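**Student:** Quick note, the sequences are listed as chains A and B, same order. Each residue of the first sequence is one higher than the one before, starting from 495 at the first, in my numbering. Each residue of the second sequence is one higher than the one before, starting from 495 at the first, in my numbering.
FYI, nobody ran anything at the bench for these hints, they're computed from the structure. No experiment lies behind these values; they were computed from the predicted model shown. Incorrect hints may appear among the rest.
Identical copies look the same in the list; a pair holds intra-copy or inter-copy alike.
[Unchecked claim] Only pairs whose alpha carbons sit at most 25 angstroms apart, straight line, appear in this in silico BS3-like list of lysine-lysine:
1. LYS1262 x LYS1318
2. LYS1060 x LYS1241
3. LYS722 x LYS1219
4. LYS821 x LYS868
5. LYS1297 x LYS1219
6. LYS1156 x LYS1134
7. LYS1134 x LYS1161
8. LYS1351 x LYS1325
9. LYS1216 x LYS1318
10. LYS793 x LYS810
11. LYS1262 x LYS1297
12. LYS923 x LYS1378
There are 2 protein chains.
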Amino acid sequence: MKKMIYFFGKNMTEGNASMRMLLGGKGANLAEMASIGLPVPPGFTITTEVCAYFSKNNGVYPDGLKENVEENMKKLENVLRKNFGNKDNPLLVSVRSGAPASMPGMMDTILNLGLNDQTVKGLSKSTNNERFAYDAYRRFIQMYGDVVLHVEHKLFEKVLNSVKSERKIKFDIELNVDDLKRVVKLYKELVKEKTGKDFPEDVQIQLWGAIEAVFKSWNNERAIAYRKIEKIPQDWGTAVNVQSMVFGNMGNDSATGVAFTRNPSTGENYFYGEYLVNAQGEDVVAGIRTPQPININSKTDETQKTLEEIMPQLYKELESYRNILEKHYKDMQDVEFTIEKGKLWMLQTRNGKRTPQASIKIAINLFEEGLIDKKTVVLRVTTKDVDGMLHPMIDPKVKINVLAKGLPASPGAASGRIVFSAKDAVVRKKDENDLILVREETSPEDIVGMNLCNGILTARGGMTSHAAVVARGLGKPCVVGCSDLEIDFEKRIMKIKDRVLKDGDYITIDGSTGRVIEGNVNKVKPELKNEFQKLMEFTDEFKKLEIRANADTPNDAMIARNFGAKGIGLCRTEHMFFGEDRIEAMRYMILSSTSEERRKALEKILPMQREDFVGIFRAMDGYPVVIRTLDPPLHEFLPKEETQIKILASKMGISVDTLQQKIDSLKETNPMLGHRGCRLGISYPEITEMQARAIIEAACIVTREGKKVIPEIMIPLVGNIKELKLQKDLVVETMKKVFKEYGMEIKVLIGTMIELPRAALTAFEIAKEADFFSFGTNDLTQTTLGFSRDDVGPILRTYIDEKKILDNDPFQTLDQVGVGRLIKIAIEDAKKVNPEIEIGVCGEHGGDPASIEFFNKNGFDYVSCSPFRVPVARLAAAQSELRK
Amino acid sequence: MKKMIYFFGKNMTEGNASMRMLLGGKGANLAEMASIGLPVPPGFTITTEVCAYFSKNNGVYPDGLKENVEENMKKLENVLRKNFGNKDNPLLVSVRSGAPASMPGMMDTILNLGLNDQTVKGLSKSTNNERFAYDAYRRFIQMYGDVVLHVEHKLFEKVLNSVKSERKIKFDIELNVDDLKRVVKLYKELVKEKTGKDFPEDVQIQLWGAIEAVFKSWNNERAIAYRKIEKIPQDWGTAVNVQSMVFGNMGNDSATGVAFTRNPSTGENYFYGEYLVNAQGEDVVAGIRTPQPININSKTDETQKTLEEIMPQLYKELESYRNILEKHYKDMQDVEFTIEKGKLWMLQTRNGKRTPQASIKIAINLFEEGLIDKKTVVLRVTTKDVDGMLHPMIDPKVKINVLAKGLPASPGAASGRIVFSAKDAVVRKKDENDLILVREETSPEDIVGMNLCNGILTARGGMTSHAAVVARGLGKPCVVGCSDLEIDFEKRIMKIKDRVLKDGDYITIDGSTGRVIEGNVNKVKPELKNEFQKLMEFTDEFKKLEIRANADTPNDAMIARNFGAKGIGLCRTEHMFFGEDRIEAMRYMILSSTSEERRKALEKILPMQREDFVGIFRAMDGYPVVIRTLDPPLHEFLPKEETQIKILASKMGISVDTLQQKIDSLKETNPMLGHRGCRLGISYPEITEMQARAIIEAACIVTREGKKVIPEIMIPLVGNIKELKLQKDLVVETMKKVFKEYGMEIKVLIGTMIELPRAALTAFEIAKEADFFSFGTNDLTQTTLGFSRDDVGPILRTYIDEKKILDNDPFQTLDQVGVGRLIKIAIEDAKKVNPEIEIGVCGEHGGDPASIEFFNKNGFDYVSCSPFRVPVARLAAAQSELRK
């Protein structure tokens, strides 16, 4: 193994920010901060490679690690002129995890390590504060006991509470030195009782116990779950940072805080943060005490006291570091700091998590400030950010009843039924779709349940609390620190002032404003700001892939166009048949016994279809519109309920039995593989004929209006060139007739969906008859993988979560190995016989960034996705091009 | 266009037997016979290319045809010293179709062409038989009027009958010259009335009308239908043979007949045929008069008069031609001959249609006689022949009631409900499976209906009648000439002696013995004769592909082994679960909520499964046995009927609702793409574990008995290497345990079915973990083509029959372009990473000759098919190898 440990400290730093994979984010940035001259408590980082080795070898350390750690501890002692385990002037350290990707609160941390019955006395002496020393000691035992020795946290709390109640006091702060000594004694007895062993006095044993615990915490359940959601590889491992302790809890001249170099919620360009006087860092992050704003910009109410006010000099120093860090990292930073007896220490810096809105604003602003270039803007903003911008907001036109206000922790509005625990959410998610998780505060084990809810509301915690950080990461609306909230977990109710809401009641939260609103409130999509428009313009400078949208109505087409869609990639004609006025004609058509009857019914549908297409062509003036002929099995159009069947039978003047028989005869064992797609048009050519007529007539009508119409007629579910040929001939014949009737000609492309493996495998034939291919990756995934979308839910749960057979839902992210190979075969073969063929995709995957990367690399001309995914697709296409 | 016409006649013959594609079978063989010196009435053949040109160009002849025909007619006139249209010594010709493949009775023929009011007088004079001349004339008008001028046949019959009833006579033969002249006159009036034109007196117009009619008859409905059944390409075209007439109906020194150089039913080596004195050839083939045997070997009853007896010299001459022809063609010939006033003419020779049994016997005998070699034997016998040998026969142990006896026209026994017309058969086939067509006689338009029935029974006709020839071709049991049969078509009944059977009653026919039997009689497979065994031995000398069988029981395994299967390619374990005693344990297993409960239920199943495998391993001593783990969706095992659900619920001590809920929860929208195959074993590993244990324990037990056991465990529906890996690990783990328990080790292959496109596309991964691939071509066809086998029926009817999108049912004959490409990809990729991998197929296609050809060409080690298809597969594999 290469170098296992990197030291950091003034003028002695071995690592740097680029070594994130090896040193973890925290370690790399501590090294970087130290080397650019920021005051960082010295320490050293054990690499992630050691963790990976440790995990792979069942908890065995690589050779030489012991010696290496000893050497670095020596170095640390020399720098600080303190000695580890020395009873007069003891060195205390923190032992923290630090992975290459941020995993807030997921892994373990030990503070104040190095304290024992001897060194605590030395600490008392050196700090001249016995109470502080014993408080640190009891905190250490509690933390170490919990994390390393696995004595339940609540048992320590019980001991602490028993001492407090004996002494009839309420707050920890009221405990005096003797109380704390008693607590230490009782804690040690507790450890002895539960583990059968004495609490380790030997500081070396303490150190190695902590290192091992951190390494092991990489594989704890919640960390694994978090990595799965965030798609962080499970084999990376965490680094371990052993760092000298500084204390924010040494009195009122001490403090600790967390800050962002810009507002992480709005992206506005000002320093933004929270702090607590006389507290350890954990107190801020855990959300147990509600922190104070560092400056006026961070204030949420007038009564708050800012750091700038109470420690102006130190605040100035902190702000100067903010400027250094932003210039250095060229991105918004999330920093942790501690003030120990008037001395400012920087404990951490990392790229700050931010809301989608902030992400876009910050990137654009940094570009405008000359710190980054356009490419960096496009690559830095994530598709998740863009998606987040399209999150719903409360409809401003709706009257709402605001129950309470909390902190706006993650933007967007969400409604759902109240659920009081993450576990309940997991259970209830099976039957209920809309859930809002309501908690005092969240903790890392809630992660799975949080991900299932529409939004999260907590009574406590700040903008950097667990709930807030995680929700932003998940892109879910979140309101935290809503102090009016009283939760009675036992009774499954919550009170807001005099209002009582129970488990299952609907509420709405607005994560952009912090409002908690009664009931299920109507939501609308947010307005897109200037920065968003700019970002989208930037993407267009880089991307080569065209983005079209799937839209079935003029309205959807308009939305898509406004989002930047350059055409319709899929217009499903069947959706047009479900309207009240049309379904009846459709049913007559289906139930016809002769081609004549069918034609008569179709004649009624023709003008309606034509009208639809007229609207869409008008909306898409100048852009292509791909219209798919009828696709779903006919039984989908027939009534299912007895009453409806009776009504239809009487209208048609046939017996209920006859109708029921006809309906039954259309039922299929595997409808997905049944009589649908072009198979319908082949059995009933008059349907295709009517649709072709409606499309071409509409095209003629809109062309006459002076608009540019570019129709592309798409034949679905083709598996054999003869199918396409038959349908195409029919379309061409109809087209010629209509052109004659209208006395004009328009260019019309005729192509096919490639959604069956056989279509892909015989593309070398099919491409000869097709002006375009549009890959229907939904169906292609169904047949290639043999998964029915309607049934695959439980299988995917087993396959993704339990057995880890699949990394992703293949209906969300394209299976590049299997389905992707078919697509590549099809494109390669098609272009050989028809180099001009247009290639697109119109499945769900058209809006999925990972899949877009694949499409962009493999010769696609465009992707088509739902209108609201168009901006995401634009960004993904640009990023893919830049990454090429 | 190349040479359009080929002349034939003594010393002037231009064509030969190898020109079958160009001259049609009849024309090529007439040329060949003429050139080897047999007495053939001279004539000429217009090529099939002319027909193809004619069809393609909407009935226009190629340039120069007219002149060519004229030249050849001149030649013919010169040879015969007669003149076409000459009133003193007129040349009469027949104009007959003759396609490259035999299509008996499907196309048109005109005889006696060249007669008109003038030439008929010449014919009277030259034959010195006025009655004959006018009889020929009226026959010509009738035939030409029907075929060329489209005046309905029955109208001519009506005229004829009216004359007969006027004259109070019963038979045609009783009509005198005046009667016939009157008939001619009335026929001409009928033609004038119906067509508005005079019957053509101009013999050139007659000739060209006939040629055109023959060309057009290539595309008549029944010809198209026949070619579809027989898989004859629709674009070949027919040749036209214009041949000088000879007459078998010129008195009692004339005759006409049909003969086979060996018995076409049994294959026995003797001359076999039928003849009619004073008759035209059509009279024999049409089955209107029952013909007489040519010799003693052809006799079916003692009262018959043979040709050998009545014309011994001519018979001897005929027999000498028989010997020349067999030596020349090296195959059994089907010849037509005519004796005109004591002179023997050979009108046709062709390879004779024969029963499967005869086919095999003749081929083996010809080999033994030194006429052909082994390769020719193997290539000449068809897979259909071998299949025919495996046709059922009446169970000899069953007591039967023989109602009547007819001629054994096509072997095998069949039962079914009586249907009195081919049209009815088409209609009723939709609901009924077993039909026997019962007719006076059949005609070409019955072909579609005949193909739908299990067997055919006719009251009239001989061994070479339409019904007999077609049935043999179709491989369907057939009894003809059952003269005890009286059919009342109107009343839809038939009488056999005093027994009345009505439409829909069950009867059984035995086409090997000619028996007609009451009711639905039990049938057994025929015993295989020596020649069959020899043929099978020959195949083994050439084939490289191994043949295994699909068998789920020791009994099936034994049958397969006796048929020459070299192993089991697919043993479906689920079939074992449907037994009365097992289904309950299975249901408990499925309805278990916990892995524990499931294990308990599985423990009950284990010993039963083990016993099954013990039996199969014993039967397959020395050969591999591929066992597939549980495959079908679990809901298939649960009760469907209310009563059964109630019983099960009460047995299990749960409520009906709970049970119903569980059953409902297992229902799927597309079960074919649902929770089945290895997905079951992945969700419930304990099932795979139990099955692996049962297999390995059985293998150990049978090995201990001193037998050689070669188990191959097959994981179904794998689409991802991780699925296979998980299941394989489980099997290996169980295997190790069992080996330890039994203190022994056996080599076990573990492989997978390739039945999903993704499995084929990722074979480069999957092959790393698989000892073998077995292509499940049924499912692979379903997913690749997007066809559900359960629903595809109506679609295939449209696709194959109506729209001609597909040539074959892709579930019967492998889609080589699409599915085949996937298979090739999979094999190529698999062998790259695992050169030793064993490749097999276990879908229906494993027994289909065309598909076997593909498998043999593409690197398969074996095919597996149903036990009764094993001989077919052996022959197909050998033929494929020889054709390479």
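**Student:** Give a verdict on every hint.
**Tutor:** Hint check results:
1. LYS1262 x LYS1318: Cα proximity of LYS1262 and LYS1318: in one copy and across copies (17 angstroms, 23 angstroms).
2. LYS1060 x LYS1241: within (18 angstroms within a copy, 62 angstroms between copies)
3. LYS722 x LYS1219: Answer is between; shortest inter-copy Cα gap is 22 angstroms, intra-copy 47 angstroms.
4. LYS821 x LYS868: Only inside one copy: LYS821 and LYS868 sit 17 angstroms apart there, 90 angstroms across copies, limit 25 angstroms.
5. LYS1297 x LYS1219: Between copies, since 11 angstroms is at most 25 angstroms while 45 angstroms is not.
6. LYS1156 x LYS1134: Both: 12 angstroms inside a chain and 23 angstroms across chains, each within 25 angstroms.
7. LYS1134 x LYS1161: For LYS1134 and LYS1161, both the intra-copy (11 angstroms) and inter-copy (18 angstroms) Cα distances are at most 25 angstroms.
8. LYS1351 x LYS1325: within (15 angstroms within a copy, 29 angstroms between copies)
9. LYS1216 x LYS1318: Classified as both: same-chain Cα gap 22 angstroms, cross-chain 23 angstroms, threshold 25 angstroms.
10. LYS793 x LYS810: within (17 angstroms within a copy, 125 angstroms between copies)
11. LYS1262 x LYS1297: The answer is between: 20 angstroms across copies meets 25 angstroms, while 43 angstroms in one copy does not.
12. LYS923 x LYS1378: neither (40 angstroms within a copy, 61 angstroms between copies)
The structure shown violates just one earlier hint, number 12.
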